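As you go down the protein sequences, you meet chains A, B and C in turn.
Mapped onto the numbering used here, the consecutive letters of the first sequence carry residue numbers 191 to 881.
Mapped onto the numbering used here, the consecutive letters of the second sequence carry residue numbers 2 to 122.
Mapped onto the numbering used here, the consecutive letters of the third sequence carry residue numbers 137 to 338.
Check the hints yourself; a few may be wrong.
[What the hints assert, rightly or not] Sample of chain A residues at the chain C side, in silico, Cβ under 10 angstroms:
no., residue
1, G386
2, P432
3, L516
4, F560
5, L562
6, V572
7, F579
8, Q708
9, G769
10, D777
11, S778
12, V805
The set of hints was computed from the structure by calculation and includes no laboratory data.
From a predicted model like this one, the values you see are computed outputs, not experimental measurements.
All C-beta atoms in this analysis are idealised placements derived from N, C-alpha and C, irrespective of residue type, glycine included.
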Amino acid sequence: MADLGVMALLLGLALSAYSVIGSAIGVKIGMPALIVSARRALYMTTLAAAVASAALINAFVQNDFSIKYVADHSNSVMERAFVWVAFYSGNEGSLLYIVLALSIMSALAIRFAPKRMAPSMPWTIAVLAAVQLFYFFVLSFFASPFELLETIPVDGRGINPLLTHPGMFSHPPMLMGGLIAITIPFAFASGALISGNYGDDWVDVARVSAILSWGVLGAGLLLGAWWAYTILGWGGYWAWDPIENVALMPWLVLTAFIHSIMVQKRRGMFRMWNVALLNIAFVLAQLGMFINRGGPVVSVHSFASSTLGVIFLSFMLLSLVFAFGLFLWRMPQLKSERAMESFMSREASFLVNNFLLLSVMAVTLWGVVFPLFSDLARDVSVSVSAPYFNRANGPILLGIVLMMGVGPLLPWRKSSARSLKKWFIWPVAIGVLTIVVLVAFGVKRPVAIFSFGVVAFVATSIMQEWWRGTAARHRGGENWALAWWRLVNGNRPRHGGYIVHLSILMLGLGIIGTNFYQQRTDGALALGESLVIDNYRIEYVDNGNSNRPDRIAQWADLSIYRIDTADYATEISFARAQGSDGFTLKDSTPRPNDRLIGQIQPWHGFYPDFNMASVRSGIRSTIVEDLYVIPRDFLSDGRVSLAVSINPLAWWLWASGPFFILGTMVALWPQPAVERRPARSKVRTMAVGEV
Amino acid sequence: MAIALGTLLALIAVVVVAYPFLGSKRYRLAPERFVNREKLRAERLRVYRKISDLEADHSSGDLTGSDFQSQRDQLRVTAAKLLREESGPNGPTNDRDEQLEKEISRMRERSARSSGSRDQS
Amino acid sequence: MASRLPFIVIGPRPSLSNAAAISLLLLMLVMFAAAIGCIREDDLTLEQRSHQLAGQLMCPVCDGQTIDASSAQIAQDMRAKVRELLESGITNAEVKDYFVVRYGEEILAAPEGGGFNLIAWIVPFFIAFGGMAIALLTVRNLKRSHARSGGLASAGTGSAGLSEYLAQVDRDLGISDAATAGAAKTKSPKTGDPGPGKKEAS
């Protein structure tokens with residue numbers, strides 16, 4: 191099967207090369223048959239990528255350990271379902287997955303592109319094919335998943351234990367798919383620029399494909415955070431790790447794009463800017479691929495470092511030169527139709543939001559490259575991790591959230607002082623009120639209190655928007671529910687956006703809560719002992735193990751009690767004197783007001799072959815706070831060492847997910863036709879006529 | 002076995018890609034008039050969309066009456082100009098459209114016939 | 137006919153709005169600065185401080201994790217050491233120095249100190265404020281070009297003979313409200329004329 195895979199990859203290489211050249215020459219010499227042929231070649235790369243992928247998956251299913259990739263990433267005891275994960279668990283396989291995803295998306299994009307795009311399609315196809323060409327090239331000559339071993343091992347090495355979780359079925363493919371999907375809007379924009387179709391024809395397709403890529407990427411990031419928090423027991427959900435950062439950066443740029451593209455759609459402005467944003471997003475996606483594969487920065491996620499780094503760096507630089515060369519070449523043609531009229535307008539607020547989003551991107555990029563810079567400039571290694579990013583990006587992120595509340599309150603073009611006063615008064619009042627109430631109740635951490643105020647301001651502003659629109663329709667005689675439904679349907683991009691904004695606010699609540707109000711304690715418990723933190727008592731009741739030849743795994747049965755701190759007053763004051771927030775109790779006899787509220791079973795596994803530990807945290811979650819227990823280690827004296835934290839508002843982090851997806855879908859849902867003409871018998875012609 | 006499958010795959014790809022050169026079917030660029038008309042139509046629909054967005058903003062109280070009127074009238078005129086351009090110089094009829102549609106359907110028929118005859122041979 | 141369309145409505149420029157916006161912004165900045173200024177280290181318990189510090193020290197053997205997050209043995213030992221040092225009553229900065237001396241600057245999760253490392257912190261300021269400045273300047277430039285072009289006057293030209301098309305547009309969009317003064321006036325007398333849309337039935 192390895193031969194089939196290799197042949198399919200080479201075929202893909204040839205087809206994509208032909209597609210690039212055929213499209214370009216076909217347009218230049220005006221040869222329609224060649225253009226059609228080049229397009230068909232791009233459809234065929236999908237087949238080639240699919241056959242290569244099928245060959246690799248088949249090799250996994252057959253346990254064909256003569257193939258190095260299979261031997262390295264699976265073994266005969268691996269559950270069959272994880273073949274899908276093993277497929278992309280290494281460098282070579284993930285590249286194959288990427289080219290598969292890209293070729294499928296390319297085929298769909300050129301199949302469903304509107305016919306009026308015909309003049310620019312050959313160039314769009316050429317760009318898509320060129321990107322595929324690069325990946326087929328790397329797969330064929332530098333990172334072949336079909337490389338054979340000279341001596342066939344009896345069994346494979348097995349899959350990376352960190353990946354053997356259902357979350358892995360969707361998180362990596364979503365991130366990689368979302369990153370590579372940026373190629374689609376980029377190709378549409380490039381095609382329009384190269385062919386000289388400067389109109390807004392590419393805007394709709396680019397917007398839809400960009401939102402798709404953005405939604406998949408965003409959902410993938412959120413899923414990764416959820417997975418790190420609930421399953422991996424990393425203690426956190428976002429570590430500002432380089433790999434996370436390189437996925438976040440294009441997402442931020444796409445966020446800017448899907449906002450400013452609305453300004454182009456509505457007001458014909460920001461034409462240059464939108465093209466530039468897509469270019470930046472595409473180049474950053476390639477930077478992500480570079481850093482993911484043998485890049486120069488240290489990461490928890492690193493795929494085995496490889497010599498691919500140089501190749502990916504070259505491709506990234508090449509795409510940078512191409513994208514911005516094209517942009518500069520065509521810049522004079524990308525004039526705005528209209529001019530800005532006021533600072534206090536929605537288009538101005540979108541521009542500000544764009545710059546804030548790009549600032550976060552730039553600061554993050556700076557943080558990622560600073561260690562390299564320091565190494566080069568003065569030969570001292572430094573680390574740039576979460577504390578840096580939190581402090582440098584935190585204020586800008588808060589500014590972005592603030593703009594989420596300001597933007598919707600400003601009308602297009604310009605606003606009058608009266609309307610400003612009218613629309614800002616309630617949100618500002620509620621925001622200030624929130625701050626006052628929190629201060630009055632003695633809540634600590636001023637930054638967090640201010641942030642809560644901002645969240646309240648934005649939430650009120652969105653609610654006011656819905657209230658205002660619904661009420662206006664209600665006055666027109668519709669009942670409330672119908673009025674709201676019609677309001678949302680009347681402008682789906684906008685109201686879908688509001689739903690996404692609400693999800694971001696939920697995310698914000700979780701981030702503020704966990705960052706500013708987390709309580710933590712560590713302790714080692716013998717059976718029957720308890721750990722007390724705040725008003726929780728955690729009793730170590732029992733343990734068990736699920737060892738396998740390839741792993742040593744143990745779990746602890748923990749009972750969680752809600753306690754009345756008055757019952758434990760002496761112990762608490764003793765611990766306080768020691769400077770501790772929690773303490774262990776030898777005697778776990780329940781005191782009068784103890785109440786059993788749940789049981790958790792954190793799990794700890796060690797994989798000797800990989801010298802790797804894998805942890806499942808135990809969580810008792812409510813909308814107010816999570817009690818979060820990571821088993822650090824099972825000690826040789828029979829005790830279990832626990833890291834316990836109380837994470838306020840963590841539930842909201844994950845509650846935001848469904849709203850994010852829902853909002854994205856609403857924004858993407860096709861708007862009904864505005865034209866109330868009797869439908870015409872539509873002329874159906876192919877872009878390049880197969881008439 | 003694998004080699005045979007691979008060769009078959011390559012053959013399929015070559016046939017599919019070479020087909021446009023081999024068949025008797027002739028390809029031509031979509032007529033510029035047609036593409037232009039589609040573009041104008043798309044542009045007009047975009048203007049319509051803007052108008053309906055304005056109406057939504059107006060009905061939800063986002064826009065004051067006079068702002069709404071002036072912006073909508075601007076867009077209406079833009080749309081009307083596009084419509085005029087779309088209809089060509091002969092006034093607001095679709096004569097040219099119909100001609101074009103007829104021409105295209107004639108061509109489609111012809112190509113259908115020719116491909117049919119090839120199938121029979 | 138075209139001249140009757142109220143194309144351009146440029147009202148008196150709201151002078152208050154910019155001032156209001158800027159003062160709002162300033163107010164928020166002041167509040168923000170005040171909020172940040174209020175953070176004090178000393179209201180934290182020893183345990184909170186040690187977790188905070190653990191979050192600022194990298195685990196030397198694990199890729200990109202702090203000792204707070206890592207379960208590696210060395211991370212556990214380092215956490216214990218942090219606690220021990222804090223119990224001896226030294227400041228956070230001294231604890232960090234202790235580790236920097238032993239492991240090098242790389243042990244710090246964020247670059248610290250003056251000199252070269254200051255660049256790491258200054259650049260974000262430039263990015264954020266530079267970005268905002270560019271955004272605001274862009275708006276201002278765009279506004280200026282708007283003032284120069286005298287608003288959107290182009291829509292008024294060449295609209296003679298548009299009435300039939302306007303009527304068609306209105307039909308397409310279902311605009312029928314007689315209350316829309318501009319629209320009503322531009323409606324051509326031969327509204328009943330079957331427009332392009334109606335011919336499709338054939």
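Okay, the hints, checked on the actual structure:
1. The interface hint given for A:G386 is broken, as the beta carbon of that residue sits about 23 angstroms from the closest beta carbon of chain C, more than 10 angstroms.
2. The beta carbon of A:P432 comes within 7 angstroms of a beta carbon in chain C, closer than 10 angstroms, and the hint placing it at the interface holds.
3. Among the interface hints, the one on A:L516 is violated; its C-beta lies about 22 angstroms from the nearest C-beta in chain C, farther than the 10 angstroms criterion.
4. Residue-level restraint check for A:F560 holds (minimum Cβ-Cβ distance to chain C is 5 angstroms; threshold 10 angstroms).
5. A distance limit of 10 angstroms between C-beta atoms decides the matter here; for A:L562 the minimum to chain C is near 12 angstroms, and the interface restraint is violated.
6. For A:V572, the shortest C-beta to C-beta distance to chain C is roughly 5 angstroms, which falls under 10 angstroms, so the interface hint holds.
7. Hint on A:F579 holds. Least Cβ distance to chain C is approximately 8 angstroms, under the 10 angstroms limit.
8. Hint status for A:Q708 relative to chain C: holds, with the closest Cβ pair at about 8 angstroms, below 10 angstroms.
9. Because the closest C-beta pair between A:G769 and chain C is about 2 angstroms apart, less than 10 angstroms, the hint holds.
10. Taking 10 angstroms as the C-beta cut-off, the interface hint given for A:D777 is violated, the closest approach to chain C being about 22 angstroms.
11. With a least beta-carbon distance of about 22 angstroms to chain C, the hint placing A:S778 at the interface is violated under the 10 angstroms criterion.
12. Interface hint status for A:V805: upheld, as the beta-carbon distance to the closest one in chain C is roughly 7 angstroms, under 10 angstroms.
Consistency with the previously given hints fails for numbers 1, 3, 5, 10, 11, ordered from lowest to highest.
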